[in-house]
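J.: Next come the chains, spelled out residue by residue.
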Amino acid sequence: MIKAKEMMNSKWLGPGMLLGLLAAMLALPLFSNDYVLIVLWNGMFYALLALGLNIIVGYCGLCDLGYAAKFAIGAYTTGILMKSFGWNFWLTLPMVVLVSLLAAILVGAPTLKLRSDYLAIVTLGFAEIVRITARNLDITGSASGLNAIARPELFGLRLTKSIHWYYVFLVLVILFVFISHRVRSSRFGRALAYIREDEDAARAMGVNTTRYKLYAYMIGAVLGGVTGSFFAVRMTAISPQSFDFTQSANILLAVILGGMGKIPGVIAGAVFFAVFPEIFRDVPFIGDARMLFFGILLVVVMIVRPQGFWPERKRGALK
Amino acid sequence: MSTWELILQQGVNGLILGSFYALVALGYSMVYGIIKLLNFAHGDIYMTGAFVCLSVFGALSRFLSGWPAVACSIVAAMFLAAALGFLAQRFAYRPLLGAPRLSLLITAIGVSLVIYNTVMVITNSQPLFFSSGLDSSAGIKIGGLTVTYIQMVLLAVSALVMLGLSLFIGHTKTGRAMRAIALDQDTCRLMGINVNKVIGLTFMLGSALAAIAGGLACVYYGNVQYNMGYTIGIKAFTAAVIGGIGSIPGAMLGGLLLGLLEATGTQLLDSSWKDVFAFGILILMLIVRPNGLLGKTEIERM
Chain A
0 MIKAKEMMNS KWLGPGMLLG LLAAMLALPL FSNDYVLIVL WNGMFYALLA
50 LGLNIIVGYC GLCDLGYAAK FAIGAYTTGI LMKSFGWNFW LTLPMVVLVS
100 LLAAILVGAP TLKLRSDYLA IVTLGFAEIV RITARNLDIT GSASGLNAIA
150 RPELFGLRLT KSIHWYYVFL VLVILFVFIS HRVRSSRFGR ALAYIREDED
200 AARAMGVNTT RYKLYAYMIG AVLGGVTGSF FAVRMTAISP QSFDFTQSAN
250 ILLAVILGGM GKIPGVIAGA VFFAVFPEIF RDVPFIGDAR MLFFGILLVV
300 VMIVRPQGFW PERKRGALK
Chain B
0 MSTWELILQQ GVNGLILGSF YALVALGYSM VYGIIKLLNF AHGDIYMTGA
50 FVCLSVFGAL SRFLSGWPAV ACSIVAAMFL AAALGFLAQR FAYRPLLGAP
100 RLSLLITAIG VSLVIYNTVM VITNSQPLFF SSGLDSSAGI KIGGLTVTYI
150 QMVLLAVSAL VMLGLSLFIG HTKTGRAMRA IALDQDTCRL MGINVNKVIG
200 LTFMLGSALA AIAGGLACVY YGNVQYNMGY TIGIKAFTAA VIGGIGSIPG
250 AMLGGLLLGL LEATGTQLLD SSWKDVFAFG ILILMLIVRP NGLLGKTEIE
300 RM
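Protein sequence lines, in the order shown, are assigned to chains A and B.
Take the first sequence: its position 101, counted from the start at 1, is 100 in numbering that gives the first Met the number 0, and no numbers get skipped.
Take the second sequence: its position 259, counted from the start at 1, is 258 in numbering that gives the first Met the number 0, and no numbers get skipped.
In isolation and in its complexed conformation, chain A is listed as follows:
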């Protein structure tokens, strides 16, 4: 899961560790109980969301405060198509991609032409629109949401146990890491990094900043939407409360505190945020005040170490 190549100088140590970790993740269910699998599943679920948001925030430097909406759109699209129209889960995925793209264009196209910080508030407003719409419509099950969403089948196996979902999400994490890595090391990814570091200079060098920002936003939205669909069938029930601002803030904190742009950092941040409430669940004060500490941490990190705890190493940068 974690790719530690950047840390190591040796050419083979990095891939070796990566393979070792992968083997450990694959073998883990043999030695652990359901509780561990569910906690790890939760960690992987947040890792998927964080990897998706990382393309928007980490690679392109845009601030999206409504990532929960992307994941809500995926979850509800799958839920509605399966419940009201009787679709097979796997067939809903192309629709989720399509709807996510449309939503991203609707929000991103007018906003990304403007100063980047407008996106922060617009995504926040859009997330509220999505949440309130889901709460008000009948087809989305209003306030109680959708439940009894069918479990999908894979090669004749109905995915019901924790161990099934552990492996499904492990595959998704590997897929998302692969996509992130490909995006990062492509010409497109370098253009995004340029936009993040200096948008004016990027534009002066002929990078079509508006279009590239929109592409990054669309990719992030699709990854969030797909994660949402899998979330819907994993949980079999979704409701508007799962997609409020706290959710968006958590994902954003995972990306920023973990290390913007750096895949292992982002995953570590996400796992930390998923596991932290589990560890401190029974500690009375910390449970309530944890967002307060994260807020302070966020301010301090921005001032002292704005690149996050485990940031991306600049390759061939001047300073």
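Note that these hints are calculated values from the structure, not bench results.
Please note: incorrect hints may appear among the correct ones.
Examples of chain B residues lying across from chain A (beta carbon under 10 Å, computed) [as the list claims (entries may be wrong)]:
#	residue
1	L37
2	P94
3	P99
4	S102
5	D185
6	Y229
7	I233
8	L267
In this text, a Cβ means the ideal position worked out from N, Cα and C, and glycines have one as well.
Given the coordinates of chain A, work out where chain B should sit on it, guided by the hints.
T.: Frame of chain A, contents of chain B only:
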């Protein structure tokens, strides 16, 4: 109630709502104008203002009641909010003034989380109720239209505050310094303006305005909750965008307009859709006229 009276009644409601939005939007717009920061914590400062107003009112209840107590509470809330705004600016934003805009924005989110969760923990997530002891139904009746005294005072206070702010920014030395910094910070420094001091003052002023709105909202709605700043924060931003962000008269106009639109929208649609309506206007506005009604076309300088 005839259609006309209904329209007028909704107009009054819209103006009240709009003056809250306008007061909060002013702080957004001033701060954005001067350091190009979307002060995400601004809605939470509004919320803090409401809480301080409620607490001070409770503490004063032995000596004072009615309007004098409300006035004292709001003044106290203004001072505390101004101090909070200054502290946020001094310790969170100032060290980052030269940093990328994203860092500044994320810091603002951090400040917002801190204020929001502090109040949440203190109040144990429970709403607090406020009873000013004022007669909320007394007022002037014109036909079927009722305008209560409380509503009249709210409107008068908002109008006076906005007038005062316009005079301050347009006609004092500090106001001129604010406008100058919005144009070019470096040149201002060369001209001997204490830029940091003026920025600090802008934050204090904006926060105090938000606290007035918070205090008035506390009197008008009668309850206060830790999450009350969240929605109004986005809506005040919408108002600032409608008017043209960075523009002071724009923020006032945008606030009032949004209030009126929302009152109309609530009348036409079901009220559970009213936030959707407001945020829809925000997105529409950015598509159609991103510089707002009174904003100037922004020329980006390098």
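J.: All hints are to be evaluated individually against the structure, with a verdict given for each.
T.: A quick look at each hint next to the structure:
1. Among the interface hints, the one on L37 (chain B) holds; its C-beta lies about 5 Å from the nearest C-beta in chain A, closer than the 10 Å criterion.
2. Restraint check, P94 (chain B) versus chain A: the minimum CB separation of about 5 Å is within 10 Å; hint holds.
3. With 10 Å as the threshold, the beta carbon of P99 (chain B) comes within range of chain A, its nearest partner Cβ sitting at about 7 Å, so the hint holds.
4. At a threshold of 10 Å, the smallest CB-CB gap from S102 (chain B) to chain A is about 5 Å, leaving the interface hint in force.
5. The beta carbon of D185 (chain B) is not positioned within 10 Å of any beta carbon in chain A (closest approach about 17 Å), and the interface hint is therefore violated.
6. Proximity of Y229 (chain B) to chain A holds as hinted, the smallest CB-CB distance being about 7 Å (cut-off 10 Å).
7. For I233 (chain B), the shortest C-beta to C-beta distance to chain A is roughly 5 Å, which falls under 10 Å, so the interface hint holds.
8. Look at L267 (chain B): its Cβ only gets to about 15 Å from chain A, farther than 10 Å, so that hint breaks.
Consistency with the previously given hints fails for numbers 5 and 8, ordered from lowest to highest.
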